[in-house]
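Asks: This is what each chain is made of:
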Amino acid sequence: MNENEKRKYIKGRKLGEGTYANVYLGQLRTDPAVLVAIKKMKVQREQDGIAYDAVRELKFLQELHHPNIVELLSVFNSKDQNLNLVLEYLPLGDLESLIRDTDRVRYGAADIKAWMGMLTRAVWFCHDNFVLHRDIKPNNLLIAADGEVKLADFGLARSFADPGVNMTHMVITRWYRPPELLFGCRSYSGAVDVWSVGLVFAELIIRTPFLPGNSEVDQINRICQAIGTPTEDNWPGVSSLRSYAVPAEVYPVPDKKAWMDRFGGVGAEGVDLLCKTLVLDPNKRITAREMLEHRWWRTDPKPTRKEDLPRSKDDGAKKMGADLGRRPGAVEDENRGSKVARRLDFGAK
Amino acid sequence: MAAEDARYRQSSQYRLWSFSPVELATLREKSNALAKASISERMLSSNASRPASGANTPDGDATPTLPEFLTPTEEALLVTFYTSEVLRAGNHAGYRDAIKATAAVFFRRFYVTNSIMTYPPNDMVLVTLFLANKAEANFVNIGEFANKFGKKNAESILAGEFLLCQALRFAFDVKHPFRALKGAVMALRRIGGIDDKRINAAEHRAHEILCFSPLMTDAYFHYTPSQIMLAALSLADRGLVEQLIADTFHHVSPPGTSGPGTPMETGDAPPPPRRDTKSEDKATIIGAWIRDKVLGTIEACRDMLSKELPEERREHWASQDVFAAELKPLRKKLNKCRDPDRSNLLELHRRRREQARIKAETEDDDAEDRGAALADDGAVFGDAGPRDTKRRKVGKGLEDPFGGPL
Ligand SMILES: Nc1ncnc2c1ncn2[C@@H]1O[C@H](COP(=O)(O)OP(=O)(O)OP(=O)(O)O)[C@@H](O)[C@H]1O
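So the sequence lines, in the order shown, correspond to chains E and D.
Note that my numbering numbers the first sequence so that position 48 is 50, with each residue one more than the last.
Note that my numbering numbers the second sequence so that position 205 is 866, with each residue one more than the last.
Simulated from the structure, these hints should not be mistaken for laboratory data.
Accuracy of the hints is not assured; some may be wrong.
To be verified - With a Cα cut of at most 30 Å, we get these calculated DSSO-like pairs of lysine-lysine:
| # | chain 1 | residue 1 | chain 2 | residue 2 |
| --- | --- | --- | --- | --- |
| 1 | D | K691 | D | K994 |
| 2 | E | K44 | D | K813 |
| 3 | E | K44 | D | K691 |
| 4 | D | K813 | D | K691 |
| 5 | D | K994 | E | K286 |
Generate the whole structure from the sequences, applying the supplied hints.
Replies: Right, dumping it as structure tokens:
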């Protein structure tokens, strides 16, 4: 028991690198077929103590247990006092690589509906637990062996603030950042994540980032041109936000037809949902809960079963499948997954 | 409420930090006994290795005598006193209620599995307050933080931080009753016919109680946030809680049918579950049964909170007389029996760092990355909870940078 606990994992090759962590493949020593991801926080500057990112990620992953949120299995510290987070292993890459691989990966409305369903459930669950993710984007949406999409990277997350408590507006990767944050608003809600979800939705449809601004000013300009200029008419109070500034030319909010022309691939109901996530005024934007109640999910086509979703044609993912000696997503993977979870749970009943 | 409870059971507060009174007492007794044993061992061995003529051995060549150790009851009293210090320090710095409350909870959790004789409570007061700021998303600069409390250097705070994280088992989310109080106040307003002044007065008093009483007692270990909130509200105005409960249990659905309910669990995306009228009928019957159970729990929690009402802060914990009579002797005793090896966090931290450095130099760090075992890495938590009596045994095999839990 003691011995198992001590040498539970074998660390393997590096899977990826983020701004504040390196991620490695890991194996359970007692059962090398059980794979995990080990996220090793980079050495921190001594004077800051434990990094805020690590505190935030741990704080939320400890609490959020949901099929569409990456599962934290364990935590340990290495001899150099670095934190290591043991996460469920998500071998099939992320949504970004699927979106980008236009040559080899084909997908349709039913697939988008399945991916969006999983993303929306994850975001609803966060918000229902009073957690803002604040960095939703395609490459933070990782894919499990069975095709399930999992929201990852809670390094920027925080709990909903009480009214009157200011939060930083310097969150969310620029292309996915909502206008209220670009205007310096410091008291915001789950609507910031919903905007990001909307942009992921748009990107899934057109297979290229919808609003790839190259600066904050450019980002605002793009929003104005594509979605309309925020004004007191469509967003009461907007002009008193701290850094409210819009181009001189006032762009109208585009009509349904303009949206249909560009995003019609997901049908009229899909476009309706998309528009509602990209409403300028955060108070009028649809909530994650309301998204789940939208008619689109129940109109044809039905969302693709996760096992049948298109997969990355990346070498990495292919090799991974070969390593395992079976097709990724085979039924036994699912059993394996639940086995890992059982073995490594925190003792919850 | 049932739905809330189902959600609560997923929380680290429930999974890792909820105990029955007996379990909690056992854990504390164990921490006390282990501290006594290891401190004795250390004192004896350092005495033995010292030449008989050495300084600091007032007894000369006589067999070294061990000091009198704190009893678990004395430790508990000191932990509570220092919890009041955490709150006082938080007030001094002007932190939000949630930050102070989180710090107090961190502090009490830390001393469930660690003895106050092992790690100096004075230092841990600031360490918990510092980490609570991070956990509650309030950015603080460590230098400014230390300055606020008249500390010239911040190192001892950072030295304790990792130690605290480990003791907390890297669970930084504390579920407080503040949000539940707001919900209750809204529900009371919805009932209608209750004087707004009365509601406001009760809210104010309950909030004041929540900022002190549950933090100074073991309430967070035994009760859910809504139970604590209702207990505090009933101390403020019992009648309001009765109305609230009567109102709530009229509507509650039977247990088992009201889980948090993830909409769209399947790809088919059905809308979120709705209540049907049949279960509504059943609810009124089962509701009465739950109501009585809930009332009993709230009553017990209320008793606990009433032992540390906010007035105690002034009348008891800040009183010079009480301090001189009850706490000073204990602090004196603590000074004599504290762990000679760990009472200085900074020294301890330096020593461990140095050891880690030497180790790192003698080992090829790349080996680790190439698939060698994480043999020296300590799994801070696996499947053994603090409930698990084997936990400390497990801990012994780990490489705790501070030398193992005890
Ligand atoms: N559970 C996992 N399974 C497989 N690969 C993973 C997993 N978690 C992370 N990775 C890989 O490691 C990379 C970095 O991880 P992650 O994004 O969590 O780090 P980060 O420092 O938070 O990154 P960012 O710079 O995006 O904030 C990811 O892009 C992904 O390729």
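Asks: CA of K691 (chain D) to CA of K994 (chain D), is that 30 Å or under?
Replies: 20 Å, holds
Asks: Assess, step by step, whether the Cα of K994 (chain D) is no farther than 30 Å from the Cα of K286 (chain E), and give holds or violated.
Replies: Cα-Cα ~63 Å, so violated.
Asks: Are K813 (chain D) and K691 (chain D) close enough, with their CA atoms no more than 30 Å apart?
Replies: 36 Å, violated
Asks: Please verify whether K44 (chain E) and K813 (chain D) have alpha carbons no more than 30 Å apart.
Replies: Roughly 28 Å separates the two Cα atoms, so the pair holds.
Asks: Given the hinted pair K44 (chain E) and K691 (chain D), is their alpha-carbon gap at most 30 Å?
Replies: 36 Å, violated
Going down the numbered hints, you'll see the structure goes against 3, 4, 5, while the others check out.
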